[in-house]
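Protein chains: 2
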Amino acid sequence: MTSPWGHSADLARFYTVTEPQRHPRGYTVYKVTARIIVWRRYSDFKKLHRELWQIHRNAFRHSELFPPFAKGTVFGRFDKTVIEERRQCAEDLLQFSANIPALYNSRQLQDFFKGGVISDGSELIGPAEAY
Amino acid sequence: MTSPWGHSADLARFYTVTEPQRHPRGYTVYKVTARIIVWRRYSDFKKLHRELWQIHRNAFRHSELFPPFAKGTVFGRFDKTVIEERRQCAEDLLQFSANIPALYNSRQLQDFFKGGVISDGSELIGPAEAY
Numbered sequence: 001m002t003s004p005w006g007h008s009a010d011l012a013r014f015y016t017v018t019e020p021q022r023h024p025r026g027y028t029v030y031k032v033t034a035r036i037i038v039w040r041r042y043s044d045f046k047k048l049h050r051e052l053w054q055i056h057r058n059a060f061r062h063s064e065l066f067p068p069f070a071k072g073t074v075f076g077r078f079d080k081t082v083i084e085e086r087r088q089c090a091e092d093l094l095q096f097s098a099n100i101p102a103l104y105n106s107r108q109l110q111d112f113f114k115g116g117v118i119s120d121g122s123e124l125i126g127p128a129e130a131y
Numbered sequence: 001m002t003s004p005w006g007h008s009a010d011l012a013r014f015y016t017v018t019e020p021q022r023h024p025r026g027y028t029v030y031k032v033t034a035r036i037i038v039w040r041r042y043s044d045f046k047k048l049h050r051e052l053w054q055i056h057r058n059a060f061r062h063s064e065l066f067p068p069f070a071k072g073t074v075f076g077r078f079d080k081t082v083i084e085e086r087r088q089c090a091e092d093l094l095q096f097s098a099n100i101p102a103l104y105n106s107r108q109l110q111d112f113f114k115g116g117v118i119s120d121g122s123e124l125i126g127p128a129e130a131y
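Respectively, the protein sequence lines represent chains E and F.
Going by UniProt numbering, the first residue of the first sequence is number 1, and it counts up by one from there.
Going by UniProt numbering, the first residue of the second sequence is number 1, and it counts up by one from there.
Derived by calculation from the structure, the hints in this document are not laboratory data.
It is possible that part of the hints are untrue.
No copy is singled out in the list; a pair is fine if it fits within one copy or between any two copies.
Said to hold, decoys possible - Calculated pairs, DSS-like style, for lysine-lysine (alpha carbon to alpha carbon, straight line, at most 30 Å):
1. K31 to K114
2. K46 to K71
3. K31 to K71
4. K80 to K31
5. K114 to K80
6. K114 to K47
7. K47 to K31
8. K80 to K47
9. K80 to K46
10. K71 to K47
11. K114 to K71
12. K114 to K46
13. K31 to K46
Just so it is clear, the structure is predicted and the values come from calculations on it, not from any experiment.
Only chain E is shown next, with the shape it has when bound in the complex:
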């Protein structure tokens, strides 16, 4: 179900309800966790980075704090260091967005997680080639 290829592998949803606790006000609360998994490539992250950067710039009139993204490279894109740099940049971008409502509520970020449904795992309709 969480394999990066094959049918309905692009997006997987999980929900759990755990840890019932007594709230100080007297009722019981439950911890609800929603987990969404998608498999994405460099060009998808690069596109998301550009979109969120624009939203952030329009909202805050400055872009100093916005995390940079790994530049594209013709050679070495399968090198371990290049892959790790891209992974780290992707994670930084998402974690930065997690603190800013204008970003984590954006249609662009929702599309990033929804996109997998549409492609239906078909290998024929893949995203544009990364380089």
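Once you've looked at the hints, dock chain F against the given chain E.
Same frame as chain E, now just chain F:
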């Protein structure tokens, strides 16, 4: 951060990017996990159940498959068995919704996860009393 009470404790977002893998088509894919945590009580789940049941009924013209929800009770709502039954019903409801786009894309389910932001963890503006 994931405590059920206190400031900005109602909702917490986490993103990770892990497990880079070579796709058969030649590019690298990364596993993106988004984790959203909210703390909710019985009356919140009960409301969500009613809303999703209506959407499901309108979409499919039958409601046999829709999971039932634990009935409210005046006595014993802090009994372990009552709490466990509610937890299980809540989890069943969410997992059932995870397979049906009309439900997991619904505004109602989004509101269920978003609601925490609005209350800002304030104890003064709590949800209506469960019974």
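Okay, the hints, checked on the actual structure:
Taking CA atoms no more than 30 Å apart as the test, K31 paired with K114 passes in both settings, with 24 Å inside one copy and 14 Å between copies. Proximity of K46 and K71 under a CA criterion of 30 Å is satisfied intra-copy only: 9 Å inside one chain copy versus 48 Å between copies. In this homomeric assembly, K31 and K71 come within 30 Å of each other (Cα to Cα) only across copies, at 20 Å, whereas the closest approach inside a single copy is 39 Å. Proximity of K80 to K31 under the C-alpha cut-off of 30 Å is restricted to the inter-copy arrangement: shortest distance 16 Å between copies versus 38 Å within a copy.
In this assembly of identical chains, K114 and K80 lie within 30 Å of each other by CA distance solely inside one copy; the values are 28 Å within and 38 Å between copies. With identical chains, the CA atoms of K114 and K47 are at most 30 Å apart both within one copy (15 Å) and between copies (25 Å). For a Cα distance limit of 30 Å, the shortest separation of K47 from K31 across copies, 17 Å, qualifies, whereas the shortest one inside one copy, 33 Å, does not. In this assembly of identical chains, the alpha carbons of K80 and K47 lie at most 30 Å apart only when taken from the same copy (22 Å versus 49 Å across copies).
In this homomeric assembly, K80 and K46 come within 30 Å of each other (Cα to Cα) only inside a single copy, at 19 Å, whereas the closest approach across copies is 49 Å. Within a single copy, K71 and K47 get their C-alpha atoms as close as 12 Å, which meets the 30 Å cut-off; across copies the closest is 47 Å, which misses it. Within a single copy, K114 and K71 get their C-alpha atoms as close as 25 Å, which meets the 30 Å cut-off; across copies the closest is 34 Å, which misses it. For the homomeric pair K114 and K46, the shortest alpha-carbon distances inside one copy (17 Å) and between copies (27 Å) are both at most 30 Å.
For the homomeric pair K31 and K46, the shortest alpha-carbon distance between copies (15 Å) is at most 30 Å, but the shortest distance inside one copy (33 Å) is not.
Hint check: no violations occur; every hint is consistent with the structure.
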